[in-house]
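K.L.:
Those protein sequences? They're chains F and S, same order as listed.
The first sequence begins at 1 in my numbering and counts up one residue at a time.
The second sequence begins at 1 in my numbering and counts up one residue at a time.
If you are wondering where the hints come from, they were derived from the structure by calculation, not from laboratory data.
Errors might be hidden in some of the hints.
[Unchecked claim] Straight-line alpha carbon distances no greater than 27 Å define the calculated BS3-like cross-link-like pairs of lysine-lysine that follow: (1) F/179 to S/126; (2) S/201 to S/240; (3) F/116 to S/147; (4) S/152 to F/186; (5) S/118 to F/186; (6) S/153 to F/179; (7) S/9 to S/26; (8) S/147 to S/127; (9) F/198 to S/125; (10) S/118 to F/179; (11) S/118 to F/198; (12) F/186 to S/72.
[As the list claims (entries may be wrong)] A few chain F positions that, by computed beta-carbon distances, are all more than 12 Å from chain S: (13) 16; (14) 27; (15) 41; (16) 62; (17) 64; (18) 78; (19) 117; (20) 143; (21) 185; (22) 194; (23) 206; (24) 239.
Every residue gets a Cβ at the ideal spot worked out from N, C-alpha and C, and that includes glycine.
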Amino acid sequence: MNAAAKITAANLSRRTFKDRFFKGIVFFLSVVTISPIVLIIYKLVAKGYRQISLNFIIKTPPDTFEAMTALSNGELIPGGIANGISGTLLMVVLASVIAIPVGVITGIYLYENPGKPLANLTRNVSDVLQGVPSIVLGLIAYMWIVKPITSGFSALAGSVSLSIMMLPMIVRSTEETLKMIPQTIKEAAMALGVPYYKVILRVLIPTGFSGLLTGILLGISRILGETAPLMLTALGSTIINLDITKPTSAVPLLIWEFYNDPNMVDLIWSSSLLLMAMVLTLNLVSKRIAARTK
Amino acid sequence: MKEDTVNIKDPVLSIRNLSVAYDKGKYAVNDVSADIKRNAVTAIMGPSGCGKSTMLRAINRMHELYENIETKGTLILNGKDITDMPTIQLRRMAGMVFQRPNPFPTMSIYDNVIAGYKLNGIRLKKKERDEIVERSLRDVTLWDEVKDTLHKKGTFLSGGQQQRLCIARALAFDPEVILLDEPTSALDPVATSKIEDLLVKLKENYSILMVTHNMSQAARISDYSMFMYLGELVEYGKTKDMFTNPKDRRTEEYLTGKFG
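Generate the whole structure from the sequences, applying the supplied hints.
P.N.:
Listed below in structure tokens is the structure:
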């Protein structure tokens, strides 16, 4: 019997079945992968959209009694999370101001000195830093800032812990972005007699700008939702606070506070929806930037 | 190396006992001496790894970019030792064009041409800048193709146009010598022949030193040719003489396609 004759009808149908079976599994697992995000967004929108209004963005949260009254009258809970939004923005901006220069400069150093022992050490330490539990970073910021510098919970301490979280992402994305720039671009600038620091500042960074920006945006979206380190550093506040030496609220901190107050439960969903929308927007924007440059 | 093979008066560039080693003691370029003629095209030929690009890059001290590269010997450009010049001055006098077109991707065509001035912080009046850009782009016969799109990114141009833009960027400094490292190896035949015509035209005002992998290109456009093999300058002479009557057996074998 020759080989071709072996492909009998039964044999063929078994192959077809196998093929379909595996296609089915692949399809099913893909659906499993995307379903959490779909379900999360669905749930947040369904439960949270009613609370979203202008007041939600510009007002501070009600006290328990106000919330309880509104609930018993079947009304929406009054007030909003302006203190959380302003606090989050304040701390994210401050954390970025700390982390971006340090991270970008470190990334440039790693790119320029790939084999040096100090560079290898820095790269490894930065990777380890990425794995440090965020609550530990909060603890460190508590020891460094809350106790000795601001003698009390503060936005500054929160920002420092967040900036440490951002740092490794920025270092890595800077190094990877610069690595992707062809060596010939650098040589072209050097061949024009351009001093080294200017080659980096005026040629390499502009060329890799969108890559750097993507890394920074992803870093920001990462820290936007951080709660644990802020509990030990910024603590929270019922008013809009823009003084970096004072306790400050943040959207994720508020979600935690609402969770602990049975009258405020409705606000959890709308706050989470807002936070999710911020993170998602940043992610999509950075994806767009990354795609545009490829 | 037989220096008597070429007798060049008032050379634009004198290379004396140039050696370059990437690893200590392993010479990629070994004791090369040659004079390069003004207002002529000089081609450097040889098989891969013979040190031709390495030699070219020694001339504008590109090797200083990398550690562990050891350069020995003397290079006299226009009567001055290149090691006595600040790199900015040297690289203004010796413009370089690379194998792959490498315009700055973030800059417009206009800014690419003027990049040498801009990046070095040399301030020019707008009129001066416009003049330099137009002159350089006319020199490389790109002006008519791009004059309406000067403020578009240089990377939108075709490969051949990009390479001419890179030549224009080097010409903007009005260099003494233009160093070209296989400038057409990444281009199609039409773009290649444009660049070749351009180089022949440019030698009226500039001295051109070009590394090429392509023997027929050297034969077509160069006045003088060097043949390098394993880091040594095997033969140097008028292109016509070398192609018709090579003195060294290795040159002959290379030219007749026996190796390389």
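K.L.:
Hints first: check each against the structure and report whether it holds.
P.N.:
Evaluated hints:
no., hint, in the structure
1, F/179 to S/126, "violated (35 Å)"
2, S/201 to S/240, "holds (19 Å)"
3, F/116 to S/147, "violated (47 Å)"
4, S/152 to F/186, "holds (21 Å)"
5, S/118 to F/186, "holds (16 Å)"
6, S/153 to F/179, "holds (22 Å)"
7, S/9 to S/26, "violated (33 Å)"
8, S/147 to S/127, "holds (16 Å)"
9, F/198 to S/125, "holds (22 Å)"
10, S/118 to F/179, "holds (25 Å)"
11, S/118 to F/198, "holds (11 Å)"
12, F/186 to S/72, "holds (25 Å)"
13, 16, "holds (47 Å)"
14, 27, "holds (40 Å)"
15, 41, "holds (37 Å)"
16, 62, "holds (51 Å)"
17, 64, "holds (55 Å)"
18, 78, "holds (50 Å)"
19, 117, "holds (15 Å)"
20, 143, "holds (41 Å)"
21, 185, "violated (6 Å)"
22, 194, "violated (4 Å)"
23, 206, "violated (4 Å)"
24, 239, "holds (45 Å)"
Of the numbered hints listed earlier, those contradicted by the structure are 1, 3, 7, 21, 22, 23.
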